[in-house]
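Student: Each chain, written out:
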Amino acid sequence: MQGFLDRLMAQGYFAGVPAEVVYAIGMVGFGLVVVLGFILTVAGVTTFVERRVWARIQSRVGPNRVGPQGILQWLADGIKLVMKEDVVPHDADPRLFRLAPYVVTMGFVATFVVIPFTGQLVIADMNVGILYLTAVTALVVVGILMAGWGSNNKWSLIGGIRSAAQIVSYEIPAGLSIFPVVLLTGTLSMQGTIQAQGWAPYHWFVFNSPFTFAAFFILFISILAEGNRTPFDLPEAETELVAGFVTEYSGVRYLMFFLVEWGNLYVIGALMTTLYLGGWQIPPVTSNAVVQNVLQFLTFFLKSYFWVLVAMWIRATLPRVRVDQLMTTCWKYLVPIAFLNLIGQAVWIVLFPDGSRLAQALMTLLGFGIIGYFFYRVVFHLRRARPQMQFSPLS
Amino acid sequence: MSLTGYEVEVERRGSAGLTTEEMTLNMGPQHPSTHGVLRFVVKADGEVMIEAIPDVGYLHRSIEKIAEKVGYHGFMPYTDRVDYIAAMFCNQGWGMVCERLAGIEVPKRGEYCRVIAAEFNRIASHLLSVGTMVLDIGAATPFFHAFRERERINDLLEELCGARLTYNYMRIGGVAWDLPPGFAEKSLAFLDQFEPLLDEFNDLITLNKLYIERVADVAVISAEEAINYNLVGPNLRGSGVKYDVRCDLAYSVYPELEFDVPVGCGEEGTVGDCFDRYIVRIREIKESVKILRQCFKQMPDGPVIAKVPRKFKPPAGDAYVRVESARGDMGWYAVSDGTEFPYRCRIRTGSFSGISIVDKVSRGLMLADLVAVIASLDIVAPEIDR
Chain G
8 MQGFLDRLMA QGYFAGVPAE VVYAIGMVGF GLVVVLGFIL TVAGVTTFVE
58 RRVWARIQSR VGPNRVGPQG ILQWLADGIK LVMKEDVVPH DADPRLFRLA
108 PYVVTMGFVA TFVVIPFTGQ LVIADMNVGI LYLTAVTALV VVGILMAGWG
158 SNNKWSLIGG IRSAAQIVSY EIPAGLSIFP VVLLTGTLSM QGTIQAQGWA
208 PYHWFVFNSP FTFAAFFILF ISILAEGNRT PFDLPEAETE LVAGFVTEYS
258 GVRYLMFFLV EWGNLYVIGA LMTTLYLGGW QIPPVTSNAV VQNVLQFLTF
308 FLKSYFWVLV AMWIRATLPR VRVDQLMTTC WKYLVPIAFL NLIGQAVWIV
358 LFPDGSRLAQ ALMTLLGFGI IGYFFYRVVF HLRRARPQMQ FSPLS
Chain V
611 MSLTGYEVEV ERRGSAGLTT EEMTLNMGPQ HPSTHGVLRF VVKADGEVMI
661 EAIPDVGYLH RSIEKIAEKV GYHGFMPYTD RVDYIAAMFC NQGWGMVCER
711 LAGIEVPKRG EYCRVIAAEF NRIASHLLSV GTMVLDIGAA TPFFHAFRER
761 ERINDLLEEL CGARLTYNYM RIGGVAWDLP PGFAEKSLAF LDQFEPLLDE
811 FNDLITLNKL YIERVADVAV ISAEEAINYN LVGPNLRGSG VKYDVRCDLA
861 YSVYPELEFD VPVGCGEEGT VGDCFDRYIV RIREIKESVK ILRQCFKQMP
911 DGPVIAKVPR KFKPPAGDAY VRVESARGDM GWYAVSDGTE FPYRCRIRTG
961 SFSGISIVDK VSRGLMLADL VAVIASLDIV APEIDR
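Residue numbers (our numbering), protein chains in the order written: chain G, 8 to 402; chain V, 611 to 996.
Keep in mind the hints are simulated off the structure, nothing from the lab.
Any given hint could be a false lead.
As the list claims (entries may be wrong) - The following label-pair restraints were derived from C-beta to C-beta distances:
id, chain 1, residue 1, chain 2, residue 2, range
1, G, W338, V, D655, 13 to 23 angstroms
2, V, E631, G, P101, 48 to 58 angstroms
3, V, T629, G, H97, 23 to 33 angstroms
4, G, G10, V, D655, 50 to 60 angstroms
5, G, R105, V, G667, 35 to 45 angstroms
Nothing here was measured: the structure is a model prediction, and the numbers come from that model.
Note that CB positions come from ideal geometry on N, CA and C, so glycine has one too.
Just chain V, same shape as in the assembly (with noise of 0.2 angstroms):
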C-alpha cells in the first residue's frame, strides 16, 4: 500500500532477537536540492532507500484553467510561467497550436527568430541543468561557471525581448520583434568565446574521477523502461532512444539545419545512467552552438510576424502540437470551439514523466544518489504542476 506521506507506517522486522525499523523521511518541499517544491517521502533502511515516492502538486497554478479565461492571445504571458527556466520553446508551443488551429504560417524570418531564441534557451536551460546538478553532487566552482555563461545568454535574451526569465517573445503568427541592431554580431561573439569554456567546464568536473565515481552506473534506465515511462528529451536519449522531435517531427525551419542528435552510448558505465543523461546536455549544448551560427547565416529578410486579427477565432477543432524543448517532447493541446477563448488547453510535459520513474529507479540507492537521480533527470517543478 502506498504512501501519500500523510500516513506512516512503521514496519518492524526481526530477525535473530534484533528489531529494525524502515526510516520514513521527509525531502520536504524546502531543500536544497530538490529542483523547485518537490516533496519526497523516503523510506530508508539506514543510507539504503526502500522507496522515494513522489508528493507533487506544491506548484499547481491552474494554468490549463486560466487559458479559458484569458484568450488565445493573453495566455503567451502564461506560457512562459509554465516551464520558466525554458520558456522560449512554451512560447513556441503554444504559439504554433494556435497557428495550427487556424491555418495560420509563420514568416520565414519570424521561424527563424523562434528557433533563435529556442536554442539560446536551450543553452541556457542545460547549463542550469548540469550547473545544478554537478552543485548536488558537491562541486561548486562549475555551477558557477555555468551560471557565468547563463548570465550571458540572459543578458543577449534581454536585448532581444525585455526580459531574463519570462520572455513573452513569441506570437500568434511569429514573434513581437524582430532582433535588435547588433544582436548577431553580439550573438557570434558570445559563441566564439562560449564553446572553449564549455570544454573548460569539462575538464573541471565531466572527467573528474570522483564526479564519475558519483554518477556512473546510478539509476541505469534501460531504453524499454524509458519508453515505457514516457521519457522524453535527454532523459529518453541517455538510454539509448535516438528520438528528437526537431528530426524525426520535423516542425519549423529545422529541416533546413544540420546538426546532431547526441545519444548515450554508455562511456563510462551503463546505458542509460545518470553520467549518460548528463553528457547528453552537455553535447546538446555544443548542438544548439551550431544551429545558432547556420540559423544567424541563413536569416532571411522580411516580416516576422504574419497578419492575425486581435480578436482571433479560430474554426473548431483540436489540434496537438509538439515541440523539443530542453525538458524533452512537450505537447500542447488546445480544444477550441469559434470563439476566442479556447475551450481546453493541455499541456504534456517530460518532468512529469521523469517524475514518476524516480520511485522505481532509486529501490536500492543510496540517499546520497537520490539527489543526484533527480539532477540528472533535470526535473523542474513548475512543468510537473503547472
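Chain G on its own, in the form it takes in the complex (with noise of 0.2 angstroms):
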C-alpha cells in the first residue's frame, strides 16, 4: 500500500500534501472499502453459503427461495435484523452489555489491517503482522466475557467462561505453530511470509519439513478452537445453553455476533493461507499490473475460501467435545506436540540451512497423496451412493 502510495506521489498527484497525510488518508479509505466492500459481503455471504453446505451434507436443500438459488437471502436476513426491536434484558448490565458486540467486532475487523489481498493490496503490512494478528484477536475474549457478564443470565456466563477460556487456552499451540514459519522466514510481516515462498506447491511452507507440515494440521485445530467452531462450538451450543453467550441478544447486535464468526472463518483462512499454502503467489504468466493483482486477490480468496468450507464440512460432520476434554485436549496433546514440532524445526534449520530439496519433494509427495487419496475415496462413495439418499415421498 505505502508503495502504492509512493508511486502515485511520484507521478504528481497529492502536490503539495505532506506525505503522512496521504499515507493516512490512503489507508483509513482503503480500510473503508475493505469493510464495507469485502467483510461486510464475504461475512454476508458466507452465512448463506454455509446454511446451503450444511443442507447439502444433510440431504436437504437449503434456502433457495430469496434470489435465485437463494443467493440474497443473507441480505434478507441482515435486514430482518436490522429492523427487529432492540432489547435489552431489565437487570442487564447497561454499558457492557451494550458495548459487548462492538469489542468483538472491534478484534475481528482489526485483523483485516494486516491481511494481504493481493501482492501490492494490504492496509498496513507492518513488521509485527502476524504478532498483531494474534494479539488483536484476544480482544474477542474480553468481548465476550463482557457479553456472557452483561447479560445477567447464568446460561450466558457459562458460555462466556467457557469461551473465554477455550480461546485463551488455544493461543498457545495456535502460537506455536506459527512459528516454525517465523524461523524460516526471519521476519513476522505478512507479506515478507508470502514473498518468502514462490508459487509451485512444493515451494508452500506446509511442504517445506516434516514439522512445518506438522505445525500446519496443528495451527488448523487451534484457530478453529479460537473461532469457537465445531466441534469446539461449546459457548454456544445450541442444544446445552440455547445459544451461550448470545442468548440475550437480537437484532444488530445479534448481526455482529453472528458476522464476526462467520468472518472469523475467513481470517482462518487467510492466515493459514498466508503462513503455510503460499499467499497470493502465482506463477509469471503476465506483466500487466492490474492483471497479475487480479489473479493474485483470486488466488487468495480461493485458498482462502477453501479453507472456510473445509472448517463448514467439518461442523456438519462431527459432534462437540465436552469442556474438560477440550482443555485436555490442548494442554494435554497439542501444547506438548507443537513444543516439540518448534523445536524438531529448528533442529531442521540447524540441519538443513536453505532447506532440503528431498524432504520438499517428499512432503509434497505425501500431501498430494493423501489429496489424491481423498478424491478416490469420495468418488468410491459416489459410486456406492444410492438415490435413496435423496428425499422424496413414496406417493
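Two chains, two separate frames, one set of hints: put the complex together.
Tutor: Here it is as C-alpha cells:
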C-alpha cells in the first residue's frame, strides 16, 4: 500500500500535501473499502454458503427462495435483524451489554489491517504483522466475557466463561504453530512470509519439512477452536445453553456477533494461506500490473475460502467435545506436540540451512498423495451412493 | 432438604478465606434439548453438577380422568396422546386391556396388523430418539438422516391409517382397517432400502471417536440400580438385564416371530452407560426390521376385527396389561364397574421411572453430560405427565 501511494505521489498526484497525510488518508480510505465492500459481503455471503453447504451435506436443500438459488438470503436476514426491536434485559448491565458486540467486532475487523489481498493491496504491512494478528484476536475474548456477564443470565455466563477459557488456551498451540514459519523466514510480516514462498506447491511452507507439515494441522485445529467452531463450539452449544453468550441478544447486536463468527472463518483461511500455502503467489504469466493483481487476489481468496468450506464441512459432520475434553486436548496433547514441533523445526533449520530439496519433494508427494487418496475415496462412495439418499415421498 | 424450584437456597462454603457459592440454574420448560416440556433445577459448582431435580407436570392433561368420561371406545384417540411418538403401542395397550376385561379374542390377521403397525412405530420412535440424542451431542447431520427415514415411515403409516403421528388405528377387538392394497410391497421396498442406510448412520456417528468420548462411561446405571429404580425397555436392557415383555410375557403373535433381544454389554465403556442404551436402540431397529419381514410373510387372511358391541359394557372387574412400547414396558390398568364408562384407568409409563433416575445419576457429571443423560434415557414429557 505504501509503495503504491509512493508511486502515485511520484507521478505528481497529491502535490503539496505532506506524505504522512497521504498515507493516513490512503490507509483509512482503503480500510473503509475493505470493511464495507469486502468484510460485510464475505461474512454475509458466508452465512448463506454455510446454510447451503450444511443442507446439502444433510440431504436437504437449504435456502433457495430469496433471489436466484437463494443468493440474496443473507441480505434478507440482515435487513430482518436490523429491523428488530432493541431489547435489553431488565437487569442486564447496561453499558457492558451494549458495548460487548462492538468490542468483539473491533477485535475481528482489526485483523483485516494486516491481511494481504494481493502483492500490493494490504492496508498496512506491519513488520510485526503476525504478532499483531494474534494479539488483536484476543480482544474477542474481552467482548465475549462482557456479553456473558452483562446478560445477567447464568447460561450466558457459563457460555462466556467457557469461551474465554477456550480461546485463551488455544492461543498457545496456535502461536507455537506459527513460529516454525517465523523461524524459516526470519520476519513477522505477512507480506514478507508470502514473498519467501513461491508459487509452486513444493515451495510452499507446508511442504517445507515434516515439522511445518505437522504444524499446519495443529494450527488449523487451534484456530478452529479460537473461532468457536465445531467441534469446539461449546460457547454457543445450542442444545445445552440455548445460545450460550448470545442468548439475550437480538437485532443488530446479534448480527454483529454472527458476522464476527463467519467472518472469522475467512480470517482463519487467510492465516493458513499466508503462512503455509503460498498466499497470493502466482506463476509469472503476465507483466500487466492490473491483471497480476486480479490473479493474485483470486488466488488468495480461493485458497482462503477453501478453508472456510472445510470448516463448514467439519461442523456438519462432527459432534461437540465437552469442556474438560477440550481443555485436555489443548494442554495435554496439542501444547506438548506443538513445542516438540518447534524444537524439531529449529533442529531442521540447523541441519539444512537452505532447506532440503529432497524433503520438500517428499512432503509434496505425501501431501498430494493424501489429497489423491481422499478423492479416490470420494469417488468410491459416490459410486456406491444410492438414489435413496435423496428424499422423495413414496407416493 | 430438596427444592421444588420455588425456594432458592444459597450455600456459602468457605475455605482458606475464599467463599464460593453453588449456582442454581433453571433448565427451564423451554429449552432446546429437554425432550418435551420438562424443567430441571440444577445446582452446579461451576460446570460440575451437584443436583439436578426434575420438575414435571407441565404436560399434564388429565388423560386418565378423561377415560372415565368418554367411555371405552371413545378413549382410543386419547391414548395416542399419552405418548405421541410411539402412539401405536398406546393404542394396543388400551385395546388389549379392554379385550381382557371382556374376554374378546382378536382375529389372527388383526393381531398381525397390530404387530406391523407397532413395529413400524418402534422403528420411527427409535429413529427419533437416536436422532435427537446425537443432535444434543452436537452432530446435526445424522439427525437429518434419521428424520428422513422417519418421514418415509410416516408416509407409510399415513397410507395405512390416515395420520402421521396420532394414529388411532387400533380398535377394541382388532384394528380399524385392513392393510391397503400394495402396502406390503411398499413396506418391503422401504425395508430393503432402509437397512443399508442404518449402517451408514452407524459409520457416521456411532463409531465416531468424538461421540464415543462423549457418551461412553457417562451415567453408568448398574443392573441392580436399574431394577430398583423401575427402569424398563432399552434403559433396562442397556444395563445388561435381558427382559423384554414381548418375549417374557408373550402377548399378541410375538411367540410366532423370531427375533433377538439386544442387551448392552459395555463394548465402548462400562455396562449401563449412555452408549449402551443408545446402541441397544440401534440394534432394536434392526430386530424390528426382521420382525416386519416375517409378519408380511406369515400374515394369514381373514377378518381384522372381532365383533364388539357399540355400547361396550365389560363385566365388572379389573385387568392389567403390559405392552413393550418403544420406551419400555408400558402398563395399562382398567377397572370396570359394569357400565360403559371405565371406573378408573391407570397408565404406567417408562419415562416416569427414567426421569426419576436422572437426579441420582447426574451427581458429579458436567452440565454437558446432563443433556446426554436425558437423551439416552429417552425421556418424553407426554409420557411422564399424561
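Student: Could you run down the list of hints and mark each one as holding or not?
Tutor: Hints versus structure:
1. W338(G) to D655(V): 13 to 23 angstroms: holds, 21 angstroms
2. E631(V) to P101(G): 48 to 58 angstroms: violated, 25 angstroms
3. T629(V) to H97(G): 23 to 33 angstroms: holds, 27 angstroms
4. G10(G) to D655(V): 50 to 60 angstroms: For G10(G) and D655(V) the Cβ distance comes to about 58 angstroms; the hint holds.
5. R105(G) to G667(V): 35 to 45 angstroms: At roughly 39 angstroms between Cβ atoms, G667(V) and R105(G) fall inside 35 to 45 angstroms, so the hint holds.
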